[in-house]
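Q: Residues per chain are reported as follows:
There are 10 protein chains.
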Amino acid sequence: MLYLVHMIVDIPDSLPAEEAARIKAEEKAYSQDLQRSGKWPHIWRVVGQYANYSVFDVESNEELHNLLSALPLFPYMQISVTPLATHPSAI
Amino acid sequence: MLYLVHMIVDIPDSLPAEEAARIKAEEKAYSQDLQRSGKWPHIWRVVGQYANYSVFDVESNEELHNLLSALPLFPYMQISVTPLATHPSAI
Amino acid sequence: MLYLVHMIVDIPDSLPAEEAARIKAEEKAYSQDLQRSGKWPHIWRVVGQYANYSVFDVESNEELHNLLSALPLFPYMQISVTPLATHPSAI
Amino acid sequence: MLYLVHMIVDIPDSLPAEEAARIKAEEKAYSQDLQRSGKWPHIWRVVGQYANYSVFDVESNEELHNLLSALPLFPYMQISVTPLATHPSAI
Amino acid sequence: MLYLVHMIVDIPDSLPAEEAARIKAEEKAYSQDLQRSGKWPHIWRVVGQYANYSVFDVESNEELHNLLSALPLFPYMQISVTPLATHPSAI
Amino acid sequence: MLYLVHMIVDIPDSLPAEEAARIKAEEKAYSQDLQRSGKWPHIWRVVGQYANYSVFDVESNEELHNLLSALPLFPYMQISVTPLATHPSAI
Amino acid sequence: MLYLVHMIVDIPDSLPAEEAARIKAEEKAYSQDLQRSGKWPHIWRVVGQYANYSVFDVESNEELHNLLSALPLFPYMQISVTPLATHPSAI
Amino acid sequence: MLYLVHMIVDIPDSLPAEEAARIKAEEKAYSQDLQRSGKWPHIWRVVGQYANYSVFDVESNEELHNLLSALPLFPYMQISVTPLATHPSAI
Amino acid sequence: MLYLVHMIVDIPDSLPAEEAARIKAEEKAYSQDLQRSGKWPHIWRVVGQYANYSVFDVESNEELHNLLSALPLFPYMQISVTPLATHPSAI
Amino acid sequence: MLYLVHMIVDIPDSLPAEEAARIKAEEKAYSQDLQRSGKWPHIWRVVGQYANYSVFDVESNEELHNLLSALPLFPYMQISVTPLATHPSAI
Chain A
1 MLYLVHMIVD
11 IPDSLPAEEA
21 ARIKAEEKAY
31 SQDLQRSGKW
41 PHIWRVVGQY
51 ANYSVFDVES
61 NEELHNLLSA
71 LPLFPYMQIS
81 VTPLATHPSA
91 I
Chain B
1 MLYLVHMIVD
11 IPDSLPAEEA
21 ARIKAEEKAY
31 SQDLQRSGKW
41 PHIWRVVGQY
51 ANYSVFDVES
61 NEELHNLLSA
71 LPLFPYMQIS
81 VTPLATHPSA
91 I
Chain C
1 MLYLVHMIVD
11 IPDSLPAEEA
21 ARIKAEEKAY
31 SQDLQRSGKW
41 PHIWRVVGQY
51 ANYSVFDVES
61 NEELHNLLSA
71 LPLFPYMQIS
81 VTPLATHPSA
91 I
Chain D
1 MLYLVHMIVD
11 IPDSLPAEEA
21 ARIKAEEKAY
31 SQDLQRSGKW
41 PHIWRVVGQY
51 ANYSVFDVES
61 NEELHNLLSA
71 LPLFPYMQIS
81 VTPLATHPSA
91 I
Chain E
1 MLYLVHMIVD
11 IPDSLPAEEA
21 ARIKAEEKAY
31 SQDLQRSGKW
41 PHIWRVVGQY
51 ANYSVFDVES
61 NEELHNLLSA
71 LPLFPYMQIS
81 VTPLATHPSA
91 I
Chain F
1 MLYLVHMIVD
11 IPDSLPAEEA
21 ARIKAEEKAY
31 SQDLQRSGKW
41 PHIWRVVGQY
51 ANYSVFDVES
61 NEELHNLLSA
71 LPLFPYMQIS
81 VTPLATHPSA
91 I
Chain G
1 MLYLVHMIVD
11 IPDSLPAEEA
21 ARIKAEEKAY
31 SQDLQRSGKW
41 PHIWRVVGQY
51 ANYSVFDVES
61 NEELHNLLSA
71 LPLFPYMQIS
81 VTPLATHPSA
91 I
Chain H
1 MLYLVHMIVD
11 IPDSLPAEEA
21 ARIKAEEKAY
31 SQDLQRSGKW
41 PHIWRVVGQY
51 ANYSVFDVES
61 NEELHNLLSA
71 LPLFPYMQIS
81 VTPLATHPSA
91 I
Chain I
1 MLYLVHMIVD
11 IPDSLPAEEA
21 ARIKAEEKAY
31 SQDLQRSGKW
41 PHIWRVVGQY
51 ANYSVFDVES
61 NEELHNLLSA
71 LPLFPYMQIS
81 VTPLATHPSA
91 I
Chain J
1 MLYLVHMIVD
11 IPDSLPAEEA
21 ARIKAEEKAY
31 SQDLQRSGKW
41 PHIWRVVGQY
51 ANYSVFDVES
61 NEELHNLLSA
71 LPLFPYMQIS
81 VTPLATHPSA
91 I
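Protein chains in written order, with UniProt numbering: chain A, 1 to 91; chain B, 1 to 91; chain C, 1 to 91; chain D, 1 to 91; chain E, 1 to 91; chain F, 1 to 91; chain G, 1 to 91; chain H, 1 to 91; chain I, 1 to 91; chain J, 1 to 91.
One should not assume that every hint holds.
To be verified - Computed Cβ-Cβ distance ranges for the label pairs, DEER-style: (1) B/ALA20 <-> G/PRO41: 51 to 59 Å; (2) J/SER60 <-> A/ASP33: 26 to 34 Å; (3) A/ALA21 <-> F/SER37: 56 to 64 Å; (4) C/PRO41 <-> A/ALA21: 41 to 49 Å.
What the hints assert, rightly or not - Facing chain F, from chain D, some residues (calculated, C-beta under 7 Å): (5) ILE8; (6) PRO12; (7) SER14; (8) SER60; (9) ASN61; (10) LEU64; (11) ILE79; (12) VAL81.
Because the hints were derived from the structure by calculation, they are not lab data. Idealized CB from N, CA, C, for every residue including glycine.
Using the sequences and the hints given, assemble the complete structure.
A: And the structure:
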């Protein structure tokens, strides 16, 4: 079941640089694990922004929320979720 | 080169039903040709809406505009385009 | 799996009154069938508006889109869908 | 009398972590008391967000405001309220 | 129980002038009946607009929706409702 | 001459609690003086928000601005003003 | 007493050209009468738009609404009104 | 003196196709005359939309409004104008 | 050449009170110099807000930007600029 | 391949003045290098704002993102990107 997910990252200046770096490294590892598992099949950078559009492939709304709320950068992101369905013209 | 394209369809009541049906059939054929060519790798229905999110893979802005403006439903769609780049965490 | 669905109805003046009445009767029957089936557990009128907030309980995004796009009033509605998950404070 | 309530939580970084934890624990207890009393019949997490949609069942606008403004997280939430009525198609 | 109600009127050109005049006369009579009953204590014109801000004093969300949806101009109005409560500084 | 005034209060965390309490007490006294004088005939709490809708009855734009900008909470409020006139259906 | 008034004109295609021309001529005469009277001291065209920003100098909200709602183009305009006061830096 | 001008074209269905074609031909000729004159140095298509971003180089606000309001498609366009100045980093 | 300029002032709490007072005094002197020179013919307070609408009369976009960006409060203001032209109904 | 890029700069007060000055100097040098290379053919100041509209001429979305995300002021800018194509009326 697919969802389009839009994530905008906004790390506050008050976060120490080393802590930000650590969280970003964890985020990368976490994301790559999910990509390898097939649950996060697409992640694209939005040109000119610290943001991405991603596609998630999960079993349920519940699973998607669990995956997203466990993102190391979750406290610093604004996320919006669009449920997707098969398009009748898709081949 | 990838772009996320959001298309909202709004066919006016004044368009005769047969003409609308003909245009939709042309749209479907046109879309499926582009999907087969590899230029339109993803098309998803937005749940609950007469709208889609699509990903296009083209050589240039120019090519993308030519493909989109030739859509049979183009006069009845509101389209927005987001250029995409490789995400540093993508595997 | 739950979704909050917001539906705003806007029937154009150009639709003949009898046809509008027929579609509304079909909508009511369709809605009540889904309510009885357990797939549409809540439907509330938004005070002062020709609109409703509903909760759907379905198996997938796909099923939700199929149910919504089959609404007799679908061509005359603006629909937005919010996927829901269990709240950690829910009893 | 039913109301749909949308709550977005935004706890500032300046709040010490222990105090945030204490307030969240109080919020959970407060919410569960109201749920048990029947005044807060539904609370759902919005997928991907630190936000919820809830339904309240109270006697009056006054009572609803008293309940909401006493939420331990009230100073850190953006709340919007939609009054609901019986839908004519509801079974 | 008080509610602030914002009504914007937009009568389409396609409505014949006599019918529009008849509906407006009915609206005025309906409004004045409710004002006399005490249920519609305030109605003010928004300067420069075919719109009003009103205060309603009713028993429930249900009653408010019944009153508003029975407005003769209801099909031609965009209405938004804000529930009000006693302000702690009110004398 | 009447105006609808919408006030949203947002006191920053950086304001010491005692100073906030003092300003709120001054605000209450100031508001009640104006209410007694007849210049601030209505003040209602917006349900679920630290905000109010008020009606002011003053001689001029000038007088209204002087009253509003002297509110003790003025530096912490977002205010919008809607000029009102007699509604032709008002009794 | 001054007000900034923003007027956007949108004449529907369904209005016959001669009637539109007649209304515009009436609008011009009406506007120039008010300008001569001192009640409409400024009217400026917004560059690139069929819109204007104007300043009105009237005795009351009531008078302003009467003047604006009597504009021959009133049914075809979207108007917003901003009450103005003396600026403390004005010379 | 430079201005960025954003033009969105929306030709109503009610305009006969031949008249639309005639107006578009006039628009093209008019635009190319101004481009040759140096007053309209840039015109770019917005990808996926019947819209353009243009740069105008004129003597005054007055001249710009005269040029824009004389566009054959002016009645069918939504135009917004951004005044530009020399950027301190421009070479 | 005229421009309507909207300025919203938002001085952060972190600015020491004396520095804020000094900047405001400089702003007032600067504004009054420009008013006396004829380049800033109108400045009006927006009722209920720390904001103004002003009219500037300058030779060019360039001159306007130079004047605005030299405002002592420029770093603390949100400014929007609307180019104005002669209205055909102006007397 | 052309893109219109809108950049709004917002440097937080918490950034020390010398560091801000250093970053701005780097930004200027970086921008001028790209201008000389032909990749950043236009940069214009938006009148009255700490913002610019720019045109970039690059090989791909990828290259554009690399150039923009390497801007020394990138962490302090809000950037939006509009892909451009040849306009059929362009000479």
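Q: A separate judgement is required for each hint: does it hold in the structure or not?
A: So, going through the hints one by one against the coordinates:
| no. | hint | verdict |
| --- | --- | --- |
| 1 | B/ALA20 <-> G/PRO41: 51 to 59 Å | holds (52 Å) |
| 2 | J/SER60 <-> A/ASP33: 26 to 34 Å | holds (29 Å) |
| 3 | A/ALA21 <-> F/SER37: 56 to 64 Å | holds (59 Å) |
| 4 | C/PRO41 <-> A/ALA21: 41 to 49 Å | holds (46 Å) |
| 5 | ILE8 | violated (12 Å) |
| 6 | PRO12 | holds (6 Å) |
| 7 | SER14 | holds (5 Å) |
| 8 | SER60 | violated (10 Å) |
| 9 | ASN61 | holds (5 Å) |
| 10 | LEU64 | holds (6 Å) |
| 11 | ILE79 | holds (4 Å) |
| 12 | VAL81 | holds (4 Å) |
Comparing the model with each earlier hint shows violations of hints 5, 8; every other hint is respected.
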